[in-house]
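Assemble the whole structure, with the sequences as input and the hints as a guide.
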Amino acid sequence: MTRYLYEKDLRPMKYTILTSTKHDRTVRAIAHRLGMADAKLRMAMIRRLDMSLLENLESRWEMGQKHADGGDGVAGELGCELFTRFIPLLDTETMQSIYDETTTMIQNGLAVDDAITRGRERIRKAVLR
Amino acid sequence: MKKTVDVSIPLGPVHPCWKEPVRLKCETAGERVLRVEVELGYMKKGIERIMRGRPWQEVMFLAERVCGICSVIHNMVFIETMEEISDIAVPPRAAYLRVIVNELDRIASHILANFSYCYTIEHETLAMYLLNTREIVLDNLERITGSRVNTAYMIPGGVRFDLLPEDAVTVLADLDKVEEEMRRHTRIFETGPLIALRSKGIGVMDREEAIRSHTVGPTARASGVSDSDLRLRHPTYQALGFEQITRTEGDNFARIMVRFQEIFQSIDLIRKCVTTLPDGPIRGGGLCRAGEGSHSGEAPRGELTYTIKTDEYGRVLDIAIRTPSIMNIEACAHAMIADAASIADVTSTFISSDPCVACNER
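Protein chains in written order, with the working numbering: chain L, 1 to 129; chain R, 1 to 362.
Possibly wrong hints are sitting among the right ones.
To be verified - Straight-line alpha carbon distances no greater than 30 Å define the calculated DSBU-like cross-link-like pairs of lysine-lysine that follow:
no.: 1; chain 1: L; residue 1: Lys8; chain 2: R; residue 2: Lys44
no.: 2; chain 1: R; residue 1: Lys44; chain 2: R; residue 2: Lys25
no.: 3; chain 1: R; residue 1: Lys44; chain 2: L; residue 2: Lys22
no.: 4; chain 1: R; residue 1: Lys45; chain 2: R; residue 2: Lys309
no.: 5; chain 1: R; residue 1: Lys44; chain 2: R; residue 2: Lys19
no.: 6; chain 1: L; residue 1: Lys125; chain 2: R; residue 2: Lys25
no.: 7; chain 1: R; residue 1: Lys45; chain 2: R; residue 2: Lys25
no.: 8; chain 1: R; residue 1: Lys177; chain 2: R; residue 2: Lys19
no.: 9; chain 1: R; residue 1: Lys309; chain 2: L; residue 2: Lys66
no.: 10; chain 1: L; residue 1: Lys8; chain 2: L; residue 2: Lys40
no.: 11; chain 1: R; residue 1: Lys200; chain 2: R; residue 2: Lys19
no.: 12; chain 1: L; residue 1: Lys8; chain 2: R; residue 2: Lys45
no.: 13; chain 1: L; residue 1: Lys8; chain 2: L; residue 2: Lys22
no.: 14; chain 1: R; residue 1: Lys25; chain 2: R; residue 2: Lys200
no.: 15; chain 1: R; residue 1: Lys272; chain 2: R; residue 2: Lys44
no.: 16; chain 1: L; residue 1: Lys8; chain 2: R; residue 2: Lys177
no.: 17; chain 1: R; residue 1: Lys44; chain 2: L; residue 2: Lys40
no.: 18; chain 1: L; residue 1: Lys8; chain 2: R; residue 2: Lys200
no.: 19; chain 1: L; residue 1: Lys125; chain 2: L; residue 2: Lys22
no.: 20; chain 1: L; residue 1: Lys22; chain 2: L; residue 2: Lys40
no.: 21; chain 1: R; residue 1: Lys25; chain 2: L; residue 2: Lys22
no.: 22; chain 1: L; residue 1: Lys40; chain 2: R; residue 2: Lys19
no.: 23; chain 1: R; residue 1: Lys272; chain 2: R; residue 2: Lys177
no.: 24; chain 1: L; residue 1: Lys40; chain 2: R; residue 2: Lys45
no.: 25; chain 1: L; residue 1: Lys22; chain 2: R; residue 2: Lys19
no.: 26; chain 1: L; residue 1: Lys8; chain 2: L; residue 2: Lys66
no.: 27; chain 1: L; residue 1: Lys22; chain 2: R; residue 2: Lys309
no.: 28; chain 1: L; residue 1: Lys22; chain 2: R; residue 2: Lys45
no.: 29; chain 1: R; residue 1: Lys45; chain 2: R; residue 2: Lys19
Calculated directly from the structure, the hints in this document are not laboratory data. Here the structure is a predicted model, which means the values were calculated and not measured.
Here you go:
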């Protein structure tokens with residue numbers, strides 16, 4: 001892959017987007033949902049998402065709350081669609097493997113809450129990777 | 001021997017087809033576009049920060065400078081938010097006059113968007129025809145408000161100028177002319193075989209993706225998203241019997257055609273307003289008070305939201321503006337352009353979503 005001639009460091013501008021009034025509120029809500037620190041989530045978002053997606057974060061979060069993960073309870077708790085298609089913090093393969101692992105744990109007799117807690121732990125690790 | 005190579009192609013920030021600076025970093029495999037990354041920050045104004053702490057009388061003028069193309073709706077939504085916070089009523093005549101000016105601005109914006117698209121796909125003749133027609137619309141905007149671009153027409157509780165009877169006659173005559181010319185331009189666009197080659201089935205965004213990225217305005221309506229026009233919930237538009245225009249194709253052609261259709265709808269709305277304009281005052285009065293509120297209006301590009309917090313003197317303590325281009329540019333880059341069959345379609349698809357970088361960066 002060829003590289004760009006003029007590459008700017010976009011991190012300060014991305015940080016400015018994420019710390020505006022509404023975006024800050026959204027980042028805090030997502031961090032709360034994932035159970036991780038705001039600053040760490042901001043860092044992951046700056047690394048993974050481009051500027052237009054960061055600008056659109058609030059709307060995507062709003063739509064994700066309304067439309068993501070309709071039927072499946074476990075998928076809803078983990079945010080399978082929410083964190084892959086609405087706010088792409090993880091790729092679909094990783095999320096699918098986390099979902100499969102969580103449902104296997106539930107089938108093997110682990111309590112649903114415990115399995116989801118473990119699943120969320122894996123999501124946090126994957127987001128920060 | 002033909003060889004497929006992986007290349008990163010940066011488009012912009014300065015590009016002949018872009019009206020404003022933005023950089024699209026396209027990753028391609030041969031002709032196919034795999035991924036697009038949008039790089040902004042070339043025209044950040046920091047206007048929300050400038051607005052904070054200023055009285056509403058100053059912010060009113062700043063609001064319409066967020067975007068030079070749809071300045072009227074920025075003025076309108078800001079004023080409607082202030083009215084909502086302060087519980088100020090608008091006289092019926094002023095409400096109708098607001099619709100007239102807002103729809104004239106929408107026509108001007110839609111014509112400019114379609115001009116840009118025709119220019120991008122190298123149909124310069126139609127592009128120039130469209131710009132010529134736009135002049136008539138801007139002349140009428142000037143006739144009513146005294147200005148072509150930054151009109152500052154709406155104030156809390158009413159509007160600044162009335163529509164004189166002789167001006168109303170001229171507006172109606174000019175609308176007939178605009179309608180006739182637009183019918184001709186739409187026919188050229190609809191029936192052009194080369195236009196169809198560059199537009200039909202290109203940059204397709206399905207309804208699900210449009211909902212996922214919260215796409216708004218004609219971009220959403222071209223992908224079949226119903227109930228996505230806020231005019232449906234505006235009392236004056238409801239009184240005028242407004243109905244939303246929707247298409248289902250979701251491609252470049254549909255997006256441009258929705259704008260053409262909306263131009264005719266706007267012409268009808270203005271005609272209805274001018275002919276049934278209620279008598280009475282154009283200013284009801286009222287004081288801006290302390291409070292917090294959020295209000296949305298339908299801009300030419302889609303849903304525009306102002307969230308404002310004011311003190312007892314009407315000073316804006318905090319403000320957040322969500323413009324339609326924030327959603328539309330993002331959806332365009334990640335849903336319409338990504339996986340495009342040809343790099344040649346990137347510019348036309350981007351322009352078809354009517355991107356406004358000034359709105360996006362504020």
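Checklist entry - Can you list which hints this structure breaks, lowest number first? => result Of the numbered hints given earlier, those the structure breaks are 15, 16, 18, 22 and 26, listed in rising order.
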